[in-house]
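Student: Make a model of the complete structure from these sequences and hints.
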Amino acid sequence: MMRFSGLNLIAQAFSGHQSWPEQWPDKAPKAAYDVIIVGAGGHGLGAAYYLAAKYGITNVAVIEKGWLGGGNTGRNTTIIRSNYLYDESAHLYDHAVKLWDGLSQELNYNVMYSKRGVLMLAHNVHDIQSFKRHIHANRLNGVDNEWLSPEECQAYCPPLDISPNARHPVLGGALQRRGGTARHDSVAWGYARKATALGVDIIQNCAVTGIRRGPDGAVLGVETERGFIGAKKIGVSAAGNTSVVMNMAGLQFPLESYPLQALVSEPVKPIFPCVVMSNTVHAYISQSDKGELVIGAGTDQYTSYSQRGAFHIIEHTLAAICEIFPIFTRMRMLRTWGGIVDVTPDRSPILGKTPVQGLYVNCGWGTGGFKATPGAADLLAHTIAHDAPHAINAPFTLDRFRNGRMIDEAAAAAVAH
Amino acid sequence: MLLIHCPYCEEDRPEVEFVYGGEAHIARPLDPATLSDEEWEHYLYIRRNPRGRHHERWRHTHGCGRFFNAVRDTVSDRFEQTYKAGEPRK
Amino acid sequence: MSGYRLPAGGRVNRAAPLDFTFDGRAHSGFAGDSLASALVASGQMLFGRSFKYHRPRGILGMGTEEPNALVTVDRGGAGPGWGRRTPNLRAPSVPLYQGLTAQSQNRYPSLKFDLGAVNDRLGAFFPAGFYNKTFMWPRSAWEKLYEPAIRRMAGLGASPTERDPDHYDATYAHCEVLVVGGGLAGIDAALAAAADGGRVILIDEQDELGGGALSDQALWGEVADKTMALRRLGNVMVLTRTTAFGYYHQNFVGAVEQLTDHLAPAQASGARERLWRIRAGEVILAQGAIERPLVFDGNDVPGVMLSSAGRALAVRYGVAVGRAVAVMAVHDSGWRDALALKAAGVNVVAVIDLRGEVAADLVAAVRGAGIAVHLGHAVTQVAGRHGVSGVTFAPGGTGQGQQLAVDALLMAGGWTPTVHLWSHAKGSLRWDDTWGAYLPDVAQENCRAVGAGAGAWDMGAGLALGTLPGPKPIWQTKAFVDFQNDVKARDIDLAVREGMRSIEHIKRYTTNGMATDQGKTSNLNGLQIASGSLSKPVTDIGLTTFRPPYTPQTFGALMGHHKDALFQPIRKTVIDGWADARGAVFENVAQWRRARYFPQGGEDMHAAVARECLAVRQQVGMFDASTLGKIEVVGPDAAEFLNRMYTNPWKALAPGRCRYGLLLREDGFITDDGVSARLAPDRFHLTTTTGGAARVLAMMEDYLQTEWSDLDVWLTSTTEQWAVIAVQGPLARAVIAPLVEGIDLAPGAFPHMAIREGTICGVPTRLFRVSFTGELGYEVNVPAEHGRMVWEAIHASGQAHGITPYGTETMHVLRAEKGYVIVGQDTDGTLTPDDAGMAWAVGTKKPDFVGKRSLARPDMSAPGRKQLVGLLTEDPQEVLEEGAQIVADPDQPVPMTMLGHVTSSYHSATLGRSIAMAVIADGRARDGQVIHVPMPGRTIRARVSASTVFYDPQGSRLDV
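Protein chains in written order, with the numbering used here: chain A, 1 to 417; chain B, 1 to 90; chain C, 1 to 960.
Hints listed in this document are in silico derivations from the structure and should not be mistaken for laboratory results. Quantities reported herein were computed from a predicted structural model and do not represent experimental measurements. Errors might be hidden in some of the hints.
[What the hints assert, rightly or not] Facing chain B, from chain A, some residues (calculated, C-beta under 8 Å):
hint	residue
1	L9
2	H91
3	Q154
4	Y156
5	L220
6	T224
7	F228
8	K232
9	T303
10	Y305
11	H312
12	H316
13	P345
14	Q357
[Said to hold, decoys possible] Among chain C residues calculated to face chain B with C-beta under 10 Å, some are:
hint	residue
15	Q267
16	D667
17	E701
Even for Gly, the Cβ is constructed at its ideal location relative to N, Cα and C.
Tutor: Written out as structure tokens, the structure is:
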């Protein structure tokens with residue numbers, strides 16, 4: 001792997017950038033691997049990288065039906081934060097945030113993690129109670145999150161309208177300064193490059209069509225468009241398509257896949273310094289390095305694999321944005337797109353073993369998967385390597401839905417009285 | 001915005017008049033107390049979530065208020081048909 | 001200074017001159033000009049700076065494909081803090097009006113001398129994807145140094161910083177046939193469709209119909225005749241200045257109409273833009289085609305533009321792009337354009353074509369017009385930085401070069417049918433070698449494409465090239481593919497060498513096609529170059545997905561009417577106005593606004609709430625409870641239905657009596673509660689929480705319709721039909737007694753938790769004797785239209801008893817003193833009835849109710865569950881913060897083991913101390929124990945009380 005650096009960039013410039021090697025080679029699948037990861041998004045590529053880098057398992061293939069990073073990794077609004085309420089969630093997401101810090105250096109690939117701060121707005125007394133609960137819980141969990149007055153919110157994010165006459169006036173906000181954004185494509189590419197340098201094969205345009213199991217029920221490998229590929233351990237990291245892959249192993253999952261849209265404006269000079277989220281108004285927004293306002297919409301109401309959503313969702317999203325940031329009504333929407341998010345009944349992920357020996361799963365991230373990328377990847381790798389979950393992902397089992405030990409962040413935050 | 005045929009109103013109406021109701025033909029067990037935890041979990045949470053033909057419930061909330069069933073392709077989002085609640089799986 | 005106005009011709013109105021400014025300099029043009037045509041007419045060829053390298057740029061195209069000539073237009077303010085500045089508008093699409101004020105963008109200090117252009121000198125160090133490879137050391141420098149610098153350099157125009165005084169309209173339309181695109185193909189399609197008698201809508205983004213025909217004088221007459229014919233038809237609606245931006249499911253098409261931006265601000269009135277949400281039986285796409293630039297060294301010098309742009313300038317606007325113009329063609333259309341320009345009076349000096357052979361009639365005609373012809377040649381170099389001063393061309397692009405003194409160069413690279421909307425609607429595409437482009441193939445909706453957009457238009461023949469052949473290797477050229485984003489052919493080549501094989505990777509790595517034109521001129525060229533670099537056919541590389549919107553659209557238009565008061569209409573009770581007039585402070589609860597407290601004489605909330613609380617405890621208070629959700633449950637099986645829904649038993653409840661009901665989700669967690677009354681054997685009046693009304697009704701309808709359709713029950717929302725006035729306090733009976741008729745208020749006749757029907761103030765009432773305060777209390781339900789009158793009558797009647805209006809905050813304190821739970825505050829969707837201390841409300845003898853089976857799951861009754869308990873701080877004046885976390889050992893290291901959190905906390909004026917409720921792991925077993933609430937810098941000690949009731953635990957004040 002040729003080292004990336006400013007010096008190297010300058011040196012290459014003088015030879016017309018003719019000598020940059022392939023960032024990841026295109027491989028034909030081998031007959032068998034120690035581990036197969038299904039799904040070459042950030043989570044799957046990251047798992048392959050950590051398997052190789054941390055657990056010494058390099059005979060790994062990542063199999064992808066399309067192009068790597070082309071699912072939710074390349075379609076999200078790139079928000080990173082860890083100020084979750086429950087211990088289980090806070091530990092999970094903070095594990096990821098700690099890995100984000102330093103990921104560029106670790107991968108020798110600038111993923112542009114930028115701690116711009118994530119500000120969540122409170123618009124009513126219930127929001128205040130809920131956010132204070134988060135802030136106190138986060139403080140005792142060692143996760144930064146602080147309360148800002150409306151004036152402090154505006155100082156942190158000048159475009160914010162804090163007029164008390166607004167339909168949903170800003171009564172304050174919870175700020176996680178370590179929260180921020182990263183460059184989504186770079187995360188997938190950075191993991192892909194480093195993983196392949198460590199011996200991992202990435203096989204693109206190769207849909208998995210079946211999971212073969214032995215007489216004892218344990219996995220033997222995957223059937224693909226390019227033939228059978230053996231592996232005693234298979235990690236599924238297929239986001240919105242997890243139900244489809246799990247069906248191949250005879251498993252039905254507590255998952256539903258919904259369309260989620262996002263959009264960007266035309267690029268403008270720096271105007272928006274941080275990430276702002278409002279659950280009450282249903283808006284979240286940041287500005288990319290390129291200058292586009294990056295805006296997340298809500299899910300459509302029905303399940304779908306179409307990567308396409310309805311216009312009225314966009315209509316309401318922009319209304320929400322302009323409600324909080326009225327100076328943006330003359331801005332123009334440049335591009336919209338859709339992803340498929342897999343949602344569990346308690347809106348928390350499933351990360352661990354499955355009832356099938358040798359089959360591991362990382363799914364159910366809903367709208368929150370990007371921020372967890374390095375953490376989820378590392379924990380999936382750990383679980384595969386040890387055939388047992390790490391303490392951090394141990395609570396995120398499949399059988400919590402049978403036992404009732406839910407990790408329901410949404411229930412804890414959303415109910416109005 | 002989808003255009004949905006309400007089998008009660010017998011009209012195509014815009015999606016915003018309807019509320020999605022999840023997978024169809026999952027009947028609540030008649031005597032839940034006799035179910036194992038696994039069977040109860042299956043009723044509560046396990047969903048087919050298919051890529052393709054999906055049986056699902058909709059309610060014409062801002063119309064007649066009735067629940068009905070639909071078959072929709074989750075890849076194209078195209079409705080194959082809608083039918084009244086209580087009718088057998090199509 | 002090469003462009004100029006031709007002495008005659010064009011569709012502009014030379015009798016109507018218009019003055020405008022660009023970068024502060026005065027110019028003039030004519031009515032019918034666009035900003036771009038007027039500027040070129042006055043010799044301005046430099047329009048802007050590119051995104052990355054800040055290279056000087058002119059116009060490339062004269063339509064929505066324009067990537068370079070982006071300007072900021074300021075239509076003036078409307079007082080301090082209100083402004084009408086819009087960045088990133090495409091100059092060719094900005095209609096000229098008197099007084100137009102435009103500025104160039106992305107340059108400092110001026111368009112001609114831009115310091116950012118240093119990026120261009122250093123461009124070799126910033127190839128595609130450079131930011132992935134550097135800026136990593138030292139670690140903190142990315143955020144502090146590199147990223148801010150990159151951000152300042154990027155971003156094109158500046159965002160508005162003031163509020164927008166304009167407003168926007170939105171509407172719906174339905175039609176049998178929607179035609180998108182008003183060129184001749186679209187006009188013909190609309191005329192044909194109209195003949196069937198159905199409603200037809202024809203949409204075009206320009207200010208007049210005609211499309212490409214506006215650049216062909218021979219077709220003007222036909223356009224005029226057919227436009228007239230359309231206008232005469234009663235069933236055709238023609239929308240010009242309207243862009244169909246997105247094609248969604250089932251022939252739903254979104255469009256935005258420009259209403260005022262083409263007018264001088266003083267003449268503009270009404271909405272600025274209008275959103276059209278159109279549902280069509282059939283959609284006919286006639287979006288036309290966009291010309292492709294040629295990719296060669298120097299193709300971005302201002303003055304090098306699409307051949308179609310030069311033609312539009314000459315024919316439509318009467319503007320010559322230069323004093324001496326050459327055409328570089330690989331397509332017949334360039335030859336036709338040369339002839340059209342010549343006919344319009346432009347000095348076309350040469351047509352250069354890479355092809356060795358071109359249709360003889362074209363060659364003859366061009367030669368005949370006195371234009372030199374160079375077959376088998378390609379332009380290899382363009383001289384000039386801010387404008388073209390000459391070109392070099394050579395046989396095959398590699399032979400001996402010749403100089404040509406021209407000040408403008410037109411590129412004819414072939415045509416790309418516009419298939420954006422087709423693709424939005426998931427129509428499939430097929431590659432067509434003749435066009436060198438993708439064409440519509442199989443539609444997924446009731447939709448068809450016509451005209452050039454379908455490949456069904458005679459544009460002539462030509463080549464589809466990646467790059468023009470040239471003397472230098474690709475990595476030594478500055479041959480631009482995506483002009484705005486500064487993506488060069490060599491960037492695409494680099495991406496391929498670095499392993500990017502999918503066109504999506506190439507696009508994302510190089511940003512080709514991601515500029516504000518979304519690849520209208522760059523996608524196909526990018527594909528061809530990648531195809532060459534990968535040595536694979538174009539069709540093996542894939543195609544990036546077209547996404548709405550077709551062109552950028554204003555947020556204000558897209559959000560419809562959902563702004564200000566209509567963003568989410570606020571719900572107000574009929575008593576709201578009374579409270580407002582009394583200076584109440586309000587809070588938002590769900591969609592409602594509710595009076596929170598009624599301050600008197602400068603009181604703060606603390607003082608007002610203390611006064612209101614004491615008034616209720618000692619005399620009487622009144623409270624607007626109208627927001628409570630209400631559902632009328634009627635039918636022979638009503639009691640059976642409620643018995644199945646709620647945790648507690650309902651069948652034995654006698655008519656005239658009330659019961660507290662607790663509602664679980666099927667997963668066993670509390671979702672709602674409320675006191676409900678049985679009015680008759682087959683009729684119940686249910687109440688729900690304020691925020692839960694719609695959710696509960698939907699949930700009940702679901703069970704009733706789909707699980708228990710055998711039950712004969714009807715559910716009706718009556719939330720808005722009843723105004724509810726709570727009269728609470730020891731003197732409550734005395735206050736309402738004079739107003740009530742037909743109800744015996746005596747305690748024996750009308751006990752606690754009963755309901756009676758009668759009249760109050762002469763209007764019918766359902767009078768509940770219930771209490772959420774722990775005092776004697778009534779909830780007066782009257783038809784909403786009488787609510788204000790009855791409220792005022794009770795208030796008047798209560799004057800003698802010191803009646804005090806109170807708000808939600810006082811209600812919260814009073815109920816907390818009594819340990820009453822607020823669902824959503826003390827419970828959060830993760831608590832079971834037992835967790836909430838309400839096991840008493842669960843009918844254990846009932847065989848089933850919603851949520852019962854879930855309560856039997858192992859973890860729902862496992863030790864360690866959080867339970868709702870009371871909490872008393874050791875310092876009685878210390879009021880805990882709601883949401884504060886609770887630990888057993890405050891000295892443990894972080895991360896601490898948390899036991900739970902404070903759900904409700906108030907100062908109780910009645911008790912003279914603070915009170916709180918909390919959910920704590922195994923809370924009830926900790927009765928009497930001290931727990932700790934660690935706050936920043938200090939820790940608060942408090943004692944657990946298994947009971948949450950702090951006041952009148954016997955309930956003796958209720959039963960009077």
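Student: Now tell me, hint by hint, if it's right for this structure.
Tutor: Verification of the hints:
Restraint check, L9 of chain A versus chain B: the minimum CB separation of about 43 Å is more than 8 Å; hint violated. For the restraint placing H91 of chain A at the interface with chain B, the shortest Cβ-Cβ distance is roughly 24 Å, beyond the 8 Å limit, so the hint is violated. At about 34 Å, the closest approach between the beta carbon of Q154 of chain A and any beta carbon in chain B exceeds 8 Å, and the interface hint on this residue is violated. The beta carbon of Y156 of chain A comes no nearer than 36 Å to any beta carbon in chain B, farther than 8 Å, and the hint placing it at the interface is violated.
Annotation: interface hint on L220 of chain A violated; nearest CB of chain B at approximately 24 Å, more than 8 Å. Because the smallest distance between the Cβ of T224 of chain A and any Cβ of chain B comes to about 17 Å, over 8 Å, the interface hint for this residue is violated. Because the smallest distance between the Cβ of F228 of chain A and any Cβ of chain B comes to about 22 Å, over 8 Å, the interface hint for this residue is violated. Restraint check, K232 of chain A versus chain B: the minimum CB separation of about 27 Å is more than 8 Å; hint violated.
Taking 8 Å as the C-beta cut-off, the interface hint given for T303 of chain A holds, the closest approach to chain B being about 6 Å. With a cut of 8 Å, the hint placing Y305 of chain A at the interface with chain B holds, because the nearest CB-to-CB distance is about 5 Å. Against a cut-off of 8 Å between C-beta atoms, the interface hint on H312 of chain A holds, since the closest Cβ of chain B lies about 5 Å away. Annotation: interface hint on H316 of chain A violated; nearest CB of chain B at approximately 10 Å, more than 8 Å.
Proximity of P345 of chain A to chain B holds as hinted, the smallest CB-CB distance being about 5 Å (cut-off 8 Å). Interface hint status for Q357 of chain A: violated, as the beta-carbon distance to the closest one in chain B is roughly 18 Å, over 8 Å. The closest approach between the C-beta of Q267 of chain C and any C-beta of chain B is roughly 36 Å, which is over the 10 Å cut-off, so the hint fails. Annotation: D667 of chain C was flagged as interfacial toward chain B, and the flag holds, the nearest CB pair being 6 Å apart, inside 10 Å.
With its C-beta approaching chain B no nearer than about 7 Å, E701 of chain C sits inside the 10 Å limit, and its interface hint holds.
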